[in-house]
Structures are given as C-alpha cells and as structure tokens.
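Protein chains: 2
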Amino acid sequence: MNALVTTADFLSRSAIEVEQALAESIPAEWKFPSQLREAMMYSVEAGGKRLRPILVLAAAEAVKGDSRAWHAAMPVACAIEMIHTYSLIHDDLPAMDDDDFRRGKPTNHKVYGEAVAILAGDGLLTHAFYSASQAAQRGVPAATVLEVVSDLARLAGASGMVGGQAADILGEQGITTLAELEYIHSRKTSDLIVFSVTAGARIGGAKAEQLEALMEFAHKLGLAFQVQDDILDLVGDEEKLGKPTQSDVQQQKVTYPYLVGLEESKALVERLTKEAAQALTRAELDKPEWLFAIAEYLMSRDH
Amino acid sequence: MNALVTTADFLSRSAIEVEQALAESIPAEWKFPSQLREAMMYSVEAGGKRLRPILVLAAAEAVKGDSRAWHAAMPVACAIEMIHTYSLIHDDLPAMDDDDFRRGKPTNHKVYGEAVAILAGDGLLTHAFYSASQAAQRGVPAATVLEVVSDLARLAGASGMVGGQAADILGEQGITTLAELEYIHSRKTSDLIVFSVTAGARIGGAKAEQLEALMEFAHKLGLAFQVQDDILDLVGDEEKLGKPTQSDVQQQKVTYPYLVGLEESKALVERLTKEAAQALTRAELDKPEWLFAIAEYLMSRDH
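So the sequence lines, in the order shown, correspond to chains H and F. Using UniProt numbering, you'd call the opening residue of the first sequence number 1 and step up by one each time. Using UniProt numbering, you'd call the opening residue of the second sequence number 1 and step up by one each time.
Everything labelled a hint here was simulated from the structure, so no lab data went into it. Mixed in with the good hints, there may be bad ones.
A pair counts as met if it fits within one copy or between any two copies, since identical chains are not told apart.
Said to hold, decoys possible - The list that follows gives simulated cross-link-like pairs (lysine to any residue, SDA-like), each with its CA atoms no further than 25 Å apart: (1) K31 <-> E147; (2) K31 <-> T176; (3) K31 <-> G171; (4) K207 <-> Q137; (5) K253 <-> T177.
Could you put together the complete structure from these sequences and hints?
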C-alpha cells in the first residue's frame with residue numbers, strides 16, 4: 001500500500017509541475033484574441049491525470065539516469081498534453097460525440113461556441129509543434145527534436161490518433177471483431193502513449209534496442225489503460241471516477257467487456273501489464289523505477 | 001506581355017510539380033480509413049494557384065542560386081499547402097463560414113459530412129509537420145528544419161493564421177478601423193506568405209539581413225495579395241475568377257474598398273507591391289528573377 005501512496009504522490013507532484021509549464025507555454029507577449037487564448041487555456045486547465053506528459057518526463061529520466069533530463073523534456077511533455085486536449089475539444093463537438101460535459105465542466109463549445117472551439121483545437125494542435133520544437137533551447141540536439149516532431153505528427157495524425165477517431169466514428173455500431181476494436185484503441189489511445197515514452201526515451205538518449213523495448217512497453221501499457229477504462233465504465237465507482245458509469249452501455253458502444261466479457265477483460269489487463277513490465281525490464285534502464293510504478297498504478301487504479 | 005506569359009507558364013509548371021509531390025506526400029503504406037484519406041486528398045487536389053508552395057520553392061532557389069534547392073524545399077512546400085488546405089476545410093464548416101462550394105466543387109463537409117471534414121482538417125494540419133520534418137532527408141540541416149517547423153507553428157497557429165480567423169469571426173460586422181482589418185489580413189493571409197518566403201530562404205541558406213529583407217518583401221506581398229482579392233471580388237470578371245463576385249458586399253464583409261474606397265485600394269496595392277520589390281532588391285539575392293516576376297504577376301492578375 002505504501003508503494004501505491006508514493007506513486008500517487010509522485011504522479012500528483014508531477015502533474016502540478018506539468019500544469020505550471022503548460023500555463024507558461026504560450027508566450028504572454030504573443031498578441032491574439034483574448035477569447036481564443038481563454039478557450040485554449042480553459043481546456044488545458046481542465047485537469048486530468050496528465051499521464052502522457054508524465055510518461056515523457058519519467059521516460060527521459062529513466063533512460064538518462066539523471067533528473068536534468070526532466071527539464072529538457074518538459075516542452076515535449078507540454079506538447080503531448082496539448083495534442084490530447086485538442087483531441088478532446090474536437091471529439092466533444094456536436095458533429096462528433098456531441099458531449100455537453102467533460103470532467104464535470106461544460107465542454108469547450110458549450111462555453112465558447114462551436115467556431116471558437118474548433119479554432120481553440122486547431123490552435124492547440126499547432127502550438128504542440130511549437131512547444132516540441134522548443135526542446136532544442138534546452139540542450140536537446142536538433143536532430144533528436146526533429147525525430148520527436150516527426151513521431152508526433154505520425155502518431156497523432158491520420159496514421160495515428162486522427163485515423164483512430166475516424167475509424168471509431170465511421171464504424172460506430174458496426175464493430176464486430178476484436179481486431180477492429182484493437183485497431184481503434186491502438187490508434188486513439190495507445191499511439192499517444194507510445195509517442196510519450198518514445199519521445200522521453202529519445203531525449204534521454206536511448207539506444208536502438210532500448211527504444212524498441214520501450215515502444216513495446218508503451219503499446220502494451222496503452223492498450224491495458226484503455227481496457228481498464230472500459231472495465232471501470234462498466235463496474236467502477238461513480239464517485240471515485242467523477243463521471244457517470246455505464247455510459248458505454250447506454251451509448252451501445254462496443255467495448256472489451258462487451259466483446260469478450262468482464263472476466264476475460266480483467267485477465268487481459270493483467271496480461272498486458274505483465275508483458276509491459278517484461279519489455280521494460282528488457283530495456284535495461286538506469287532508473288526504471290517510476291516507469292514500473294506508473295504501469296502498476298494504472299493497472300490497479302479505480303478511477 | 002511576353003514576360004507575363006512566361007511567368008504564367010512558370011507558375012503553372014511549378015503548380016503541377018507541387019501537385020505531384022502532394023499526391024505522394026502521405027505514404028501509401030500508412031494504413032488508415034480510406035474515407036479519411038479520400039477526404040484529405042479531395043481538398044488537397046481541389047486546385048488553386050499553389051502560390052504559397054511555389055513561393056517556398058522560388059525563395060529557396062533565389063537564395064541558394066542553385067535549382068537543387070528546389071528539391072530540398074519540396075517537403076516544406078507541401079507542408080504549407082496542407083496548412084492552407086486544412087484552413088479552408090475548417091473555415092467552410094457550418095459553424096464557421098458555412099460555405100457549400102469552394103472552387104466550383106462542393107465543400108469537404110458537403111461530401112464527407114462534418115465529422116470527417118473536421119478530422120480531414122486535423123489530419124492535414126498534423127501531416128504538414130510530418131512533411132516539413134522530411135526536409136531533413138533531403139540534405140537540409142536538422143537545425144534549419146527545426147527553425148522552419150517552429151516558424152510554421154508560430155505563423156499558422158494562434159499567434160498567426162488561427163488567431164486571424166478567430167479575430168475575423170469574433171469581430172464580424174464590428175470592424176471599423178483599418179488597423180483592425182490589417183491585423184486580420186496580416187494574420188489570415190500574410191503570415192502564411194511570410195512563412196513560405198522565410199522557409200525557402202532558410203533552406204537556401206539565407207544570411208540574417210537577407211532573411212529580414214525577405215520577410216518584409218513577403219509581408220508587403222501578402223497584404224497586396226489580400227487587398228487585390230478584395231478589389232477583384234468587387235469589380236472582377238466572374239468568368240475569369242471562377243466564382244461569383246460581390247460576395248463580400250452581399251455578406252456585408254468589411255474590406256479595403258469598403259473602408260478606403262476602390263481607387264485608394266488600387267493605389268495601396270501598387271504602393272505595397274513597389275515596397276515589396278524594394279525590399280527584395282535589398283536582399284541582394286543570387287537569382288531573384290522569379291520572386292520579382294511572382295510579385296508583379298500577383299499585382300496585375302485578374303483572377
């Protein structure tokens with residue numbers, strides 16, 4: 001239990017650091033309509049676990065074995081959180097999932113209107129690449145930053161997250177196989193987690209074999225995270241989750257528990273987490289402790 | 001007249017080269033929903049002058065004084081056209097300008113639905129950064145490519161084009177001063193032209209003073225281009241333009257002719273073009289001919 005508390009502390013302290021960096025990430029001297037800035041920051045500041053940026057930071061430190069990697073990786077950590085945030089703003093739009101609330105707050109378009117919400121999303125998506133490029137100002141070699149930029153565009157774009165969202169929307173109600181569901185989950189969720197760990201690893205100076213092992217770690221972790229989300233939506237505690245459960249059932253969404261049953265889904269989370277840990281061991285990192293702790297924490301979480 | 005024909009030939013030949021590169025720009029082996037790929041390419045292939053990518057290519061060659069710079073600059077040329085295209089898709093959405101037609105074809109959301117159109121825009125915006133990063137595979141130093149990426153994010157994002165679009169939408173009907181109109185035009189149109197020329201110049205290896213002179217050239221050229229658009233909408237030939245004129249008047253849009261009159265607007269285009277040419281001369285480039293020709297062509301165009 002003590003280890004869990006410590007991991008929770010680590011995560012919440014790290015989340016606060018990320019939030020401070022995010023608050024300063026759009027230069028105050030840049031002049032543009034204040035309502036657009038507000039709309040962008042409204043969603044950035046709406047909270048969440050900040051899991052993806054923390055994975056960037058933890059991976060950088062784990063590979064480098066030096067806490068200075070944390071500082072160097074922060075612009076990229078902010079970038080992935082901006083990508084995640086823009087995707088939520090656009091997913092919530094009336095033409096997409098048409099959601100009125102997100103994390104207990106009205107969604108972006110409910111507050112600022114659809115036009116500004118679309119532009120706030122576009123602005124965050126674009127600014128993510130500005131933020132990522134700033135890692136070069138913190139001693140990360142330009143060639144490494146460029147690899148990170150290229151990864152980000154590939155894994156967040158049509159061949160990654162955007163493609164997953166398109167498949168989800170185009171396939172609604174029509175998903176019948178585990179392979180289709182896994183494609184959507186991989187693209188929508190796992191790809192950004194793969195990016196986060198890979199980017200941190202690159203910044204930390206990972207060797208090719210380490211990168212490969214860490215990508216497998218991240219892919220398995222991302223899938224486990226999504227299956228656990230499906231499980232929590234079905235049997236979780238509404239109060240702990242901070243949102244109503246059974247929403248997937250009500251929306252007739254195809255989920256892992258729906259396709260393979262609850263017990264099988266729980267077994268899958270356990271298996272994926274174990275395989276993730278094995279891949280992590282294979283990477284032979286200098287300071288892998290927090291990555292192990294995050295993986296274990298995510299599996300045992302109840303919200 | 002002969003010079004004009006030659007410039008027109010140069011532009012149309014260059015546009016074809018850009019279109020060939022665009023057609024290959026999303027790797028065929030990337031797997032994602034075919035409808036998303038179709039929607040992205042539908043708008044990319046919808047035509048247009050390809051002015052921005054041609055400026056990237058022409059600026060690279062002008063600075064380098066060597067046509068090999070053209071090849072090196074192509075991934076960035078494609079990137080700016082993707083940014084321009086995504087902005088048109090999102091601008092046409094019902095929540096924004098609600099346009100049914102663009103260049104004589106149904107708009108993206110009219111063909112693929114709003115959800116896919118939003119994602120096609122997001123996909124193109126994201127892929128622009130992938131494409132730009134690929135310049136490193138063509139011999140452009142990583143540090144230079146990274147500067148280009150950072151410029152693109154700044155000039156296409158909230159502090160640039162996205163901010164201009166937000167100001168336009170938020171200020172509709174409320175624009176009363178030339179300064180406000182110039183802000184919107186600078187951000188919505190001029191910033192991408194500044195990017196194009198600057199990116200080409202960086203790839204061509206421009207010195208600091210050359211960069212500065214070329215940025216002024218591009219900013220003036222971009223403003224002249226937009227004022228000329230306003231003029232053509234008012235007094236142009238519908239057949240040559242390929243779209244109905246007087247749309248600004250009907251939509252009660254605030255334009256340069258509306259604010260300062262037609263004659264004053266024409267004089268402004270002439271003055272801006274002259275100042276642009278002066279800045280270009282100051283840059284002391286090896287092969288500035290095409291940049292001069294493009295500037296002259298844009299001022300004298302009737303469509």
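Tested hints:
no.	hint	in the structure
1	K31 <-> E147	between (30 Å within a copy, 21 Å between copies)
2	K31 <-> T176	between (49 Å within a copy, 19 Å between copies)
3	K31 <-> G171	between (41 Å within a copy, 16 Å between copies)
4	K207 <-> Q137	both (23 Å within a copy, 21 Å between copies)
5	K253 <-> T177	within (13 Å within a copy, 51 Å between copies)
Going through the hint list in order, the structure satisfies each hint without exception.
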